[in-house]
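Chain B: place on chain A using the hints.
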Amino acid sequence: MSGDQSPASAGGAEADWSKGTVIVTSLASDSHTWNLVFLQLLIEECGYRVVNLGPCVPDDLLVAQCHALDPDMVVISSVNGHGYQDGMRVIHQLRALAPLAATPIVIGGKLGTDEDGARRVAELTAAGFDAVFEDAHDPVTAFRGFLSAMQPNERLLETADGVRR
Amino acid sequence: MTGQQLTVDQLGRSADFGAFVRRQAAAGRLVVQPRMGFGDPGPMREGLIATKDADATTVGTLTLDSYTRVGELHAVEAALREGISLNGYPVVSHPQETTEAVLDGVSDARFPVQVRHGSATPIDIFWSLVRLRLNATEGGPVSYCLPYGRTPLADGVRNWQACCELYTRLRDVGVEPHLETFGGCMMGQLCPPSQLVAISFLEAMFFAQHGIRSISLSYAQQTDMGQDQEAVGALRRLCAELLPTENWHIVIYAYMGVYPETYRGAHRLLGRAAELAVRTGAHRLIVKTVAESRRIPTIAENVLALEYADRIARRTTELRPDTSQVLGDSPTYAEARTLVDAVLELDDDIGTALLAAFRRGYLDVPYCVHPDNAGRARSYIGPDGRLRWADIGRLPLRGVAEQRSTRRITSADLLKDLFHVRQQYDEEALRIGHDSDPELIRVTPARPA
Chain A
195 MSGDQSPASA GGAEADWSKG TVIVTSLASD SHTWNLVFLQ LLIEECGYRV
245 VNLGPCVPDD LLVAQCHALD PDMVVISSVN GHGYQDGMRV IHQLRALAPL
295 AATPIVIGGK LGTDEDGARR VAELTAAGFD AVFEDAHDPV TAFRGFLSAM
345 QPNERLLETA DGVRR
Chain B
39 MTGQQLTVDQ LGRSADFGAF VRRQAAAGRL VVQPRMGFGD PGPMREGLIA
89 TKDADATTVG TLTLDSYTRV GELHAVEAAL REGISLNGYP VVSHPQETTE
139 AVLDGVSDAR FPVQVRHGSA TPIDIFWSLV RLRLNATEGG PVSYCLPYGR
189 TPLADGVRNW QACCELYTRL RDVGVEPHLE TFGGCMMGQL CPPSQLVAIS
239 FLEAMFFAQH GIRSISLSYA QQTDMGQDQE AVGALRRLCA ELLPTENWHI
289 VIYAYMGVYP ETYRGAHRLL GRAAELAVRT GAHRLIVKTV AESRRIPTIA
339 ENVLALEYAD RIARRTTELR PDTSQVLGDS PTYAEARTLV DAVLELDDDI
389 GTALLAAFRR GYLDVPYCVH PDNAGRARSY IGPDGRLRWA DIGRLPLRGV
439 AEQRSTRRIT SADLLKDLFH VRQQYDEEAL RIGHDSDPEL IRVTPARPA
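Sequences listed follow chains A and B, in order. To get the numbering used here, take the position in the first sequence, counting from 1, and add 194. To get the numbering used here, take the position in the second sequence, counting from 1, and add 38.
Chain B with its partners taken away, still in its complex shape:
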């Protein structure tokens, strides 16, 4: 870390992301955020400005490209040289001045920017973030390793430990680093919520153990509103009980599985995610767009999604504080707490405990084919729409999870469940009216600011 003086601009730009979100929440506003990344600095800056100017309470996103994610920096260089478009912003490869220019006058104390990437080997990315004073990002030793790649989990844990420790050095220059867990999203769909809560929470504990004090915990919308509300309640209760920092908040991801294809269905699902966030006292929502099922969304589509989510959020009210879902007193909490306790008892070092847990099958992500995942646990969508265990494998949930007979999941069952949400929302949309008519999408007009 160099001892150079920060300009006023840089200090404003490096305000604590967590504190910003919590301030908005205290003022009764849900913060909404896109997933947005462009290879070219021009469109990237345009996208950030459009997000900032949207009629909603927003934070900005720099989503990195997939070559940078897997560390193939030579492929980034080649693409930049040959003018081939990248699917995200290559923050490691663009010169520092280029990224400074992208952020200049856009990112400030009223508009913090988070970097989203997905790398299990992110040390180069973190060095770039530290140099740029970009003090908010996301990931985790488990969630950025198991679902999408081949990096051994032990390497993922080691890498993320080193990155947390590097990131905390931002405090040497008066900048508070913020990390968000990606663990509430394992595989995007079909992971029972109790395990999503457990993994998201354990990643937050891992961040805290390695010096991070400003933390957000993700939870991705699943198949059933009631079960999702229980899950967020469980996550909040775990944080209140065990997380060694006050500076935390919950971030909801709009559905990350197979997305509806109809305009109305896609909006309806996003709207439900906004309702989930507000009802459960989550402070931030990452949106999906109507283009999601087909291609990378445009800037305009992202703004539309942000403003739509904001309007739904403003007309939704938080659940009464004495309801069981808010208190976290639910079967989902019981399962998540059992998983968390079983893992934390394995070792004082949370990284070591996570490795042991996956080896023993105490954590086991259904349908995840990574070599370090036990691959015994199975899940399905019950007739009531809730995600259930078909087989708990070696998860320590005997006597805690609803114990039914082990159920064999066929390829046809899996296919049906993978498309369950799309089908449900698209069918509903088509029942109501002609899908092509955007006028059908009506929401309560926004209140004057």
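Next comes chain A alone, as it looks inside the complex:
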């Protein structure tokens, strides 16, 4: 699969996208898309342009698109129960990209098949995610809160100050 296909953009032409660009994506093993469509609409309504990479995104495609688009935020959604493994694998590749060292990167959905959500949240956060939204804990409300708290140009200031996670 090449990374050169233009990603779908579902937003209305009249939308206000002044706050920047957000990548919405699934991970390699996940073929679900309704979660991605919902997130795209939600994030667009908050004033961002969304590039939706769709289902079954291989690591190298995600990394290439992040490199090319230099997004203001990366939102990973996974609902097939393998999000923890896939997320742990991909976060290091994303953080290794210079432009993404301080970019907000979040993950949410049904991330595992057992009940041990607290451990997953702790490990994913320690590995470099800014926030983890587990399915069992009203992820939509929590994510909305995260979005509204995010200052559009915060990371530029952070980068300028040399702040790195």
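There may be inaccurate statements among the hints.
What the hints assert, rightly or not - Ranges of calculated distance between the beta carbons of each label pair, as one might list FRET restraints: (1) A:332 with B:64: 48 to 56 Å; (2) B:80 with A:275: 20 to 28 Å; (3) B:457 with A:261: 43 to 51 Å; (4) B:148 with A:275: 32 to 40 Å; (5) A:324 with B:448: 19 to 27 Å; (6) A:292 with B:444: 39 to 47 Å; (7) A:253 with B:360: 52 to 60 Å; (8) A:338 with B:162: 31 to 39 Å; (9) A:290 with B:122: 27 to 35 Å; (10) B:116 with A:319: 16 to 24 Å; (11) A:324 with B:148: 54 to 62 Å; (12) A:343 with B:445: 25 to 33 Å; (13) B:360 with A:211: 50 to 58 Å.
Claimed, not checked - One-sided excerpt, in silico: chain A residues whose CB lies under 7 Å from chain B: (14) 232; (15) 240; (16) 287.
Treat the hints as calculated values from the structure; they're not laboratory data. Each residue gets a CB set at the ideal place from its N, CA and C atoms; glycine is no exception.
The following block gives chain B in isolation, referenced to the frame of chain A:
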């Protein structure tokens, strides 16, 4: 294709799936079928036997696992080696003798078996089916490509053309191959029925153009019984008018979107699907179980669903043949016919026409994020419960579809619509009584056979 002689068993096993279903229909029986697949041969055989022995007119299913679906055969090998359970039957990886043993004495002229998979790159799967003389499967160049993966549509079309042509070679050994379109299900929910009908029908035309003569066309239950009846009527009328084979039937899928969580709600929705099938003269129904909203159902849960659907079907009667829904004289037919004509005019080769149609937005599946889908069309559930266009994008439906002002769909609107059916059926169930009491589920006792 080898020229080896078929045994009597194999010939019985390879009876035409379409002819079997049509014979049952002529005898007044709806054929019901599960979606069922297990990685281990033992449970797979058990599941087929339980389906065959169910108190209903059934056909069997081998649903393949998701690694086989995407062609990651090394992952299947690793799972088999390490004893990790798969979510379906890996027909490409199990030795031929293993699958022969699974089917032996189960699959026969009275119990045909269909393979269900979902692959946009299915050539390995088709080779296995040909070797095993498994002569019924499902899919399509559009429906197995757009909703779930990243395979370019042009590759999907090319792959499915090659697979159709390979499958027809079963006729060299006297076996009739059967294909079912999956196009009546695009995205599972929220696609207006007229476009589901158009895509399902165009996939059937594609199969026929590449030599398949025994065909079924799917339609997945949506949000409104009246609109669904129109859709099946439209599909039947299109087949009667344009499909170049007599050997076709319609298969209904019980709701494929977010499923009710209550026992009673889940049954009620399945029951409505069975009613839809019988009323509209569809010949086959693929069921859903009460476990659907939570996990992969057990064999017993599948049998329960098959028998429940059968009982509802037996107490339902077909609509009078002169009603407009049966004749296909409806707004749904008008839209579907317009879409079909617009696509067929693009090229004599239906695969080429489908590619051009998606490029131009003549077909455009709402909310589908595949790069080859235009992504301009939008839909919503109207206050009357019918699926409607919020935006027709570049679909050639101006003046045909009910033209209202374009409606902006918010994330909250989408969420509400995605859960509309679950909420409706669960609320109804909870209003009537305590959900945990299975005794509340009563149906007319089955008539003696």
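Results for each hint:
1. A:332 with B:64: 48 to 56 Å: holds, 53 Å
2. B:80 with A:275: 20 to 28 Å: holds, 25 Å
3. B:457 with A:261: 43 to 51 Å: Between residue 457 (chain B) and residue 261 (chain A), where Cβ atoms are some 37 Å apart, the hint is violated.
4. B:148 with A:275: 32 to 40 Å: Since the Cβ atoms of residue 148 (chain B) and residue 275 (chain A) sit about 38 Å apart, the hinted range of 32 to 40 Å holds.
5. A:324 with B:448: 19 to 27 Å: holds, 26 Å
6. A:292 with B:444: 39 to 47 Å: holds, 42 Å
7. A:253 with B:360: 52 to 60 Å: holds, 59 Å
8. A:338 with B:162: 31 to 39 Å: violated, 44 Å
9. A:290 with B:122: 27 to 35 Å: holds, 30 Å
10. B:116 with A:319: 16 to 24 Å: For residue 116 (chain B) and residue 319 (chain A) the Cβ distance comes to about 30 Å; the hint is violated.
11. A:324 with B:148: 54 to 62 Å: Between residue 324 (chain A) and residue 148 (chain B), where Cβ atoms are some 60 Å apart, the hint holds.
12. A:343 with B:445: 25 to 33 Å: Hint holds: Cβ distance 31 Å, inside 25 to 33 Å.
13. B:360 with A:211: 50 to 58 Å: holds, 54 Å
14. 232: With a minimum Cβ separation of about 6 Å from chain B (threshold 7 Å), the hint on residue 232 (chain A) holds.
15. 240: violated, 10 Å
16. 287: Violated. Min distance 18 Å.
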